[in-house]
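Chains as they are written, first to last, in this note's numbering: chain A, 1 to 128; chain B, 1 to 295.
Heads up, a few of these hints could be off.
The list that follows gives simulated cross-link-like pairs (lysine to any residue, SDA-like), each with its CA atoms no further than 20 Å apart [what the hints assert, rightly or not]:
hint, chain 1, residue 1, chain 2, residue 2
1, A, Lys62, A, Lys115
2, B, Lys287, A, Ile112
3, B, Lys62, B, Pro221
4, A, Lys81, A, Asp33
5, B, Lys251, A, Asp33
6, B, Lys287, A, Ser99
7, B, Lys242, A, Glu105
8, B, Lys287, A, Gly125
9, B, Lys284, A, Lys59
10, A, Lys81, B, Lys284
11, B, Lys287, A, Asp33
12, A, Lys59, B, Lys159
13, A, Lys59, B, Lys62
14, B, Lys287, A, Gln34
15, B, Lys159, B, Gly184
16, B, Lys251, A, Phe127
17, B, Lys62, A, Asn103
18, A, Lys35, B, Phe245
Covered stretches of chain A, as calculated for chain B (at least 3 residues, CB under 8 Å) [as the list claims (entries may be wrong)]:
hint, segment
19, 27-33
20, 64-74
21, 78-88
22, 98-104
For the record, the hints were derived by calculation from the structure and aren't laboratory data. Source: prediction; values computed, not measured. The beta carbon of each residue, even a glycine, is placed where N, CA and C say it ideally should be.
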Amino acid sequence: MKSKLFVLVVAGLSMLGVRAYAHHSFASTYLEDQKMTIEADVLQFLYRNPHSFLQLQTKDAKGNAITWAVEWGAGAQLGSKGVQRDTLRPGDHVIVIGSPGRNPEDHRLRMIDIKRPSDGWSWKGTFD
Amino acid sequence: MTSNKLSFGLAALLCVSFPALAEIDLSGSWAAINHEDSLERGGGPNPVDWAGLPFNEAGRAKALSFSQSIISMPERICWFQTQWHIAAGPFSLRMWAVPDPITGKVQAWVVGAWETRAPMTIYMDGRPHPGKNAPHDQTGFTTGVWNGNELIATTTHIKTGYIRRNGAASSDQATITTHFLRHGDLLTVALFMDDPVYLTEPYILTRSYNLSTNPVAIGGPPCIVGDEGVESGRVPHYLPGKNPFVDEMTKLYGIPEEAALGGAETMYPEFREKIKDKFKLPAKCVKNCANAGGN
């Protein structure tokens, strides 16, 4: 049923002329059946096309800084769901759940869920 | 009566004079009907799923070296696709005619651009394709002819592009032949990829569109380069024999590796007979299962 729904959504978006399209294949980029949680501070929010990216900074076991790139929807997609370019600012502390990238070197996730404990703001969903 | 006959005669003449014989009007906004290849045109195909692609050894080797992360290299994020993106992308089309300013005849048909595909300008004035040493770009050079009410466009001089968004590539020697067939408010577009470098036979995809009064945007929002997790200077890839996802389709769907790795024989129904003893139906479908009970 979800596949049928997916087809209908894709068809609907195409007919509306909405530009919602990954420049790469999600299935080939991410381990879609796995989830990973990161609690970190926002380094930068790139509100852009073809997809937005949220950059988070964490530290590894040795204390070295690691930058994570969390892939999110295109600007227009996020805007229609209430996420604006200034919704997230550098320094915001967030908890992100996402699908990890297939290539561990990339330190990337595909966004599934994000929460900002300081004010209770959150977003959960999917995007193409 | 004489007046009526004259009116009928004039009406008949008008009917046969406009448009020119055998040509049909393709202009308008054509809304994509993505009822086929939805995975490929949506979220994207699984890695090492090349079943049905007529790869030769070079095509397969290049695809196996492909890491999806390469598209997140800063210089490749806004990489333009070739005109094959019409076949494999999800978007709707907008088409219009460019008239010759003197004769009024159609000099070219244009298929509007998308965010990551340049417009396809189909020259109808009989001009030749550039010479073999002329520069190539992602747009390519396209000419068209009418075959009855079917417009056939031939695109050459492209750069390397993708055939399927999981590493299956087309070379700069490829030719894309695009057939536009209109049936009332329905448009069928059939694309043929002939590539002497990576394919042994033409690869064919079809798409359908409905004529729409909702205008399809020409071009899209600009692509902006940003950090996608691949630092400048690193070129993600897999060395020969090191692609970790070769058995992905076997694990997910029980599809034998020899089918997932493509080749011309995997395009034809007879191939199912060849692999029927190797195919193992999974106990439970876990991904893209339609009505099979998974997600």
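To see whether the hints hold, each was checked on the structure:
1. A:Lys62 with A:Lys115: Status violated; Cα separation ~27 Å.
2. B:Lys287 with A:Ile112: The given pair, whose Cα atoms are some 17 Å apart, holds under the 20 Å limit.
3. B:Lys62 with B:Pro221: 31 Å, violated
4. A:Lys81 with A:Asp33: Measuring from Cα to Cα gives roughly 24 Å; hence the hint is violated.
5. B:Lys251 with A:Asp33: Holds. Lys251 (chain B) to Asp33 (chain A) sits at ~13 Å (cutoff 20 Å).
6. B:Lys287 with A:Ser99: 15 Å, holds
7. B:Lys242 with A:Glu105: Holds: Lys242 (chain B) and Glu105 (chain A) sit about 16 Å apart, inside 20 Å.
8. B:Lys287 with A:Gly125: 18 Å, holds
9. B:Lys284 with A:Lys59: 39 Å, violated
10. A:Lys81 with B:Lys284: Violated, at about 34 Å.
11. B:Lys287 with A:Asp33: 9 Å, holds
12. A:Lys59 with B:Lys159: Outside the cut-off at roughly 41 Å; violated.
13. A:Lys59 with B:Lys62: Roughly 36 Å between the alpha carbons, so the hint for Lys59 (chain A) and Lys62 (chain B) is violated.
14. B:Lys287 with A:Gln34: With a Cα-Cα distance of about 12 Å, the restraint between Lys287 (chain B) and Gln34 (chain A) holds, given a limit of 20 Å.
15. B:Lys159 with B:Gly184: 35 Å, violated
16. B:Lys251 with A:Phe127: 26 Å, violated
17. B:Lys62 with A:Asn103: Satisfied, since the Cα-Cα distance of roughly 18 Å is no more than 20 Å.
18. A:Lys35 with B:Phe245: Cα-Cα ~19 Å, so holds.
19. 27-33: holds (count 5)
20. 64-74: holds (count 5)
21. 78-88: violated (count 0)
22. 98-104: As far as the segment 98-104 of chain A goes, the hint holds, because 3 residues have Cβ atoms under 8 Å from chain B.
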